[in-house]
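Model the full structure from these sequences, guided by the hints.
For the sequence shown, UniProt numbering begins at 1 and goes up steadily by one.
Don't take every hint at face value.
Claimed, not checked - With a cut-off of at most 30 Å between alpha-carbon atoms, the simulated BS3-like pairs for lysine-lysine come out as follows:
1) K520 - K539
2) K387 - K656
3) K656 - K630
4) K13 - K3
5) K94 - K332
6) K386 - K3
7) K387 - K630
8) K489 - K520
9) K656 - K386
10) K13 - K289
11) K332 - K386
12) K332 - K656
13) K539 - K558
14) K630 - K386
15) K312 - K13
16) K13 - K332
17) K312 - K94
18) K3 - K332
19) K656 - K626
20) K387 - K626
21) K656 - K450
22) K387 - K450
23) K289 - K312
24) K312 - K332
25) K450 - K332
26) K539 - K656
27) K387 - K332
Claimed, not checked - Here are the simulated distance ranges between beta carbons:
28) P84 - P492: 50 to 60 Å
29) G97 - Y460: 43 to 53 Å
30) E142 - L214: 22 to 32 Å
31) M1 - V619: 23 to 33 Å
32) Q604 - L438: 41 to 51 Å
33) K387 - P554: 49 to 59 Å
34) V230 - T595: 16 to 26 Å
35) P492 - N35: 39 to 49 Å
36) P554 - M1: 48 to 58 Å
37) T211 - S113: 23 to 33 Å
38) D358 - M1: 41 to 51 Å
39) R517 - L576: 39 to 49 Å
40) A119 - T18: 40 to 50 Å
Hints are computed from structural coordinates only; laboratory data are not their basis. Even glycine gets a Cβ: it sits at the ideal position worked out from N, Cα and C.
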Amino acid sequence: MSKLFPRLFSPAKLGSRTLRNRIVFGAHTANMAENGVPTERHVAYYAERALGGAGMIVVEPMPVHRAAVLTRGNFRPDDDSVIPHFQQVTRAIKDHGAIAIQQLYHVGAHGDSDNSFHAHWSPSGLPSYHDSDGSHAMSEGEIWETIDSFVQAARRCQEAGFDGVEVWAAYLGLVDQFWTPWTNRREDQWGGSLDNRTRISREILTRIRETCGLDFIIGLSVSDEPDYTVALSRQELAEIIRLHDEQGLIDYVTCGTGSYLDFYKIMPTFLYPEKLGTDLATTLKAAVKTALVVAESHIRTPENAETVLGEKAADLVSIVRGLIADPHLARKAAADRPEDVRGCISCNQMCWGRRSRDYWISCLINPSAGREFEWGGDRFTSAAIKKRVLVVGGGPAGLETARVAAERGHDVVLAEASSRLGGNFLLAGLQPRRGQILDLLGWYERQLSKLNVDVRLNTYVEASEIASFQADTVILATGSVSPETGFQKALPAVPSLPGIERGNVFSIESVMARVVRPGKHVLLLDEGGGWRGCGTAWKLAEDGHQVTILTPDPLVGKELQRTAADFPLRRTLRQLGVTWLLDVSVLEWHGDGVTIVDHNTREQSFVPGDCLVLATTNVAANWLAKELEKTPRPFIEVGDAVAPRQAPYAFHEGRKVALRL
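Okay, here's the thing in structure tokens:
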């Protein structure tokens, strides 16, 4: 029994099963199916989390009907041919000691015709909040067809070996649309009174019980949306859940956050508080008598999970992104080693960020996510031949290369030119609310120390010094730097910003590293649309600077749309007094302001400012590679030293190279 997390690692009775602990790897769209069926990628992904100690795994939602198909990687609906494929998934989960549940969903009005080639179905024909389409008001026959599709999906789940199903009634999906008076304007037996509005869910759950038996676990997933008056309140949800619980229709209920009205809270980034799902969970826990309550949403760590259970806010805790980032979180926490857990940084960049573009999901800090079947999970085998490895550069690529090489038994030296590890990633961790990055860098420092990696800070390596390290393999992870030319992609014929020689033009990196002191009124040219520019603007505004963002994009935070962070960020920036000009580029820096051009009208205007900060594309810091190219010594480049990119590709290349050593 864990001394640090006694509640989290106590068993829990759920229906006819007993969970080994109270950690749930909750449902989320991994989007890994091919031709509508799970593949070895899918099997290994879930197996790794079961092997890592999760008590219950809820496999991603199965669309129960063609109208419910939402993504390219969704499972095939209405087809018994999926059963043998899912038997591989359930076997992998249960063989490693976890309970296997599958979520069943129907998005109702919020479908995706590009994937479904089917009209969106809803109670009353309201518009979709997923795309720009309208929806079809369901006939009574179509309602019964949908009810039966849930039941048949549950039957297939049982035949595939699942211990139960979780019916999705969250985020203002179809079931929630029937429950909610704003979306259910029917005047027949499916609308109006609470009894009528809950008829569809009660019919679904009753018929699943009749078909699959009393031993089959049935859960219900709901979500908290307190910011919209048209959504159900917590007390209204409590009344609905109490009704289902009293009728013995559910064994548990999962409490998430957000909805299609406010998609940003569904997968909350670091802009939101942690433990978001606990408020609704607390309310529902007071309403039920027999069903267990699962708290979900931004509960990333064992410490948070133990707190939720200690406050009696829930019976179980769903940790999704935390288990994507470290599939062995449960095993490490059970052994009272929380310091060894690689903590999720709530960035959404490779999980929701890839899913939003309809790719299979991965993880910025855990590149094995989605590649478990190729890389042997998030575990390492010893190298056949021990080597002495020199890694030059302590940013993401260098850190992961050094760690994994050492995990595999190599003798590793990590040389970093500055006084701290992290490279430009460290500077990102100094932006507001991004302390999770600093926690991650602390994790790397602890792991490198445990693995006896020889970390040498303040060590700038010249080509002539490489031989002195007596390394069998040299890895260059020297990162990237600002070109400091002011070149803008939107003005390709202008190689350098006119007037840059007048001074007071700074790179993002120099500002965040506090190498320079910007003036009171900062003009920030952002051509990236990501956290480099936007996070720096936030930091400057918090420090009391007047900030104006200049961008050629049609909105601030263009690249953050995929991570569901753009709107909360813009709201925060506005609250801090940050202003912006869109669809513009800088023609000249005058020392006291800039001349900008509006790309829509070609009109030019002057914007005053004390300094200009550049968030433009970096260049590879590859001068060491160029020197080594003149010698016979072989080397390997990884991360931004190859080409400046976002952080996940640096972690990925570091892991990939180290696995091949």
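Are there hints from earlier that the structure breaks, and if so, what are their numbers?
Per hint list: 6, 26, 31, 34 and 39 violated.
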